[in-house]
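K.L.:
Read off the chains here:
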Amino acid sequence: MKTINSIIAIFQREFKITYRNFSDILSIFLFFLMGVMIFVFSIGANDDIFNQIGIGIIWTLILLTNNLTLRKFYQDDFNDGSLVIFHLSGLSYELIVLIKIIVNWLVIQIPFFILIPISGFLLNIEFFNIKIIFISFLLGSPITTCITSISGAMNLLNKKNFAIGSLIIMILSIPVIIFSVGLINTSEESMGAQINILMGIMFLFLAITPWVCSICIKLAIQEK
Amino acid sequence: MLLANNIVFNRGNKKILNKISLTLSPKKIIHVTGNNGTGKTTLLKILTNVLEPNEGEVFWDGKNIKKYPFIFYKDLTYIMDKTSSNANLTVYENIYFWIKLFSSSRSIKEIESILDLLSLYQHKKSLVSSLSYGEIKKLELARLIIEQKKVWVLDEPYIGLDQISTNLINETIIYHAKLGGMVIFTSHITADIPNLEILQLEKYENN
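Taken in order, these protein sequences are the chains called H and P.
Quick note: the first sequence uses my numbering, first residue 1, plus one each step.
Quick note: the second sequence uses my numbering, first residue 1001, plus one each step.
Simulated from the structure, these hints should not be mistaken for laboratory data.
Which residues of chain H face chain P? A partial, calculated answer using Cβ under 10 Å:
1. SER6
2. ALA9
3. ILE10
4. GLN12
5. LYS16
6. ASN21
7. ASP77
8. GLY81
9. VAL84
10. PHE86
11. GLY90
12. SER92
13. LYS224
When the alpha-carbon atoms are kept at most 27 Å apart in a straight line, the in silico DSSO-like pairs for lysine-lysine are as follows:
14. H:LYS2 to P:LYS1082
15. P:LYS1082 to H:LYS224
16. H:LYS16 to P:LYS1100
17. P:LYS1125 to P:LYS1100
18. P:LYS1082 to H:LYS16
19. H:LYS160 to P:LYS1015
20. P:LYS1063 to H:LYS2
21. H:LYS72 to H:LYS159
22. P:LYS1125 to H:LYS16
23. H:LYS218 to P:LYS1063
24. P:LYS1082 to H:LYS160
25. H:LYS2 to P:LYS1124
26. P:LYS1150 to H:LYS218
27. H:LYS218 to P:LYS1082
28. H:LYS224 to P:LYS1066
29. P:LYS1074 to P:LYS1150
30. P:LYS1014 to H:LYS160
31. P:LYS1066 to H:LYS2
32. P:LYS1014 to H:LYS218
33. P:LYS1014 to H:LYS224
34. P:LYS1109 to H:LYS2
A quick note: this is a predicted structure, and the numbers were derived from the prediction, not measured.
Think of the CB as a built atom: it goes at the ideal place given N, C-alpha and C, for glycine as much as any other residue.
Bound conformation, chain H alone (with noise of 0.2 Å):
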């Protein structure tokens, strides 16, 4: 019961920080609308070029808009010793990157539930094809959101070079890109196959990244 009561109060904490900080939150969701605008812009007005790189053109900026929000994710905490605090109630590491993953999700990738069809209106992007980067999104979110937290748990560790987690962002986006813009090309029959391979990377981001994040947290503790 005291467990459950301490990650009710961190989600708590986490969702009325938040919300303080609205400011920021939004200021990413107008960076992404405002990427679209831009591609739209240079591109031109050309249904079938957006048909055909529209959901290449969304991923890329989901990825983009995921760097803004890399020191968000436990910087703060680690800072102020709130993540020190937060272990000494009883929580482990592994339980506290967990917690931090799904307020993460939620704050900063359901939003993308509403700005994704309206990108899509931008790009004048097919409703099948829009249909099909709701579904790459749905099973891609949570692993950019578990990168997005292991690059911030290794930022942690690294006080110079703050490039370089936007760099293991990128790196380890690949294989998401790869069968999430490979989706809108592939047959009605390795559809499937494709999904399954995405569930697949979904759960093995999910089982490693609150391990992973752990040891960079309690290293970064200990060198502090």
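Following the hints, put chain P in place on chain H, whose structure we already have.
P.N.:
Using the frame of chain H, we list chain P on its own:
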């Protein structure tokens, strides 16, 4: 009882702590003293299992805290050298968070009287970012009362506090020890606390 046995801690090639041993039993208050860089904060971090020593072990009630950390955490309140209250939340929201996080049995009335004692009651709806450093430090120290644990490990508890708050903290520490609690703290100032055991880290430097 908290027992530290021959603690050694190195940072790179530099020896920070050299075979420190201490026993913190009920009703005991230990004041860790030492110049800057002698390892006061490091020692407290090792005693709270935040840092791992290169040599030596720490035991709580006969159990190694590295192997059984959560048994120890049930009885531990650790006030760090930094403030863990969130600047984007109000005083009251931070307190409410700590009450829930540590499943404290403190009632709202009790909390309000603590805030009043610490002269924070009028700021209860203010964001922590709008408070002074001393006020934030007092808010952090309110965790001692909220958590109701046996062992208090306090890193520089007097920094930023005025005389009234310093006296209040001293009284709280004395009262806690009287009830059977244990306190270990670091500070550069001499605390006005009777029967204080002093642990001078300089003494261990060249052993």
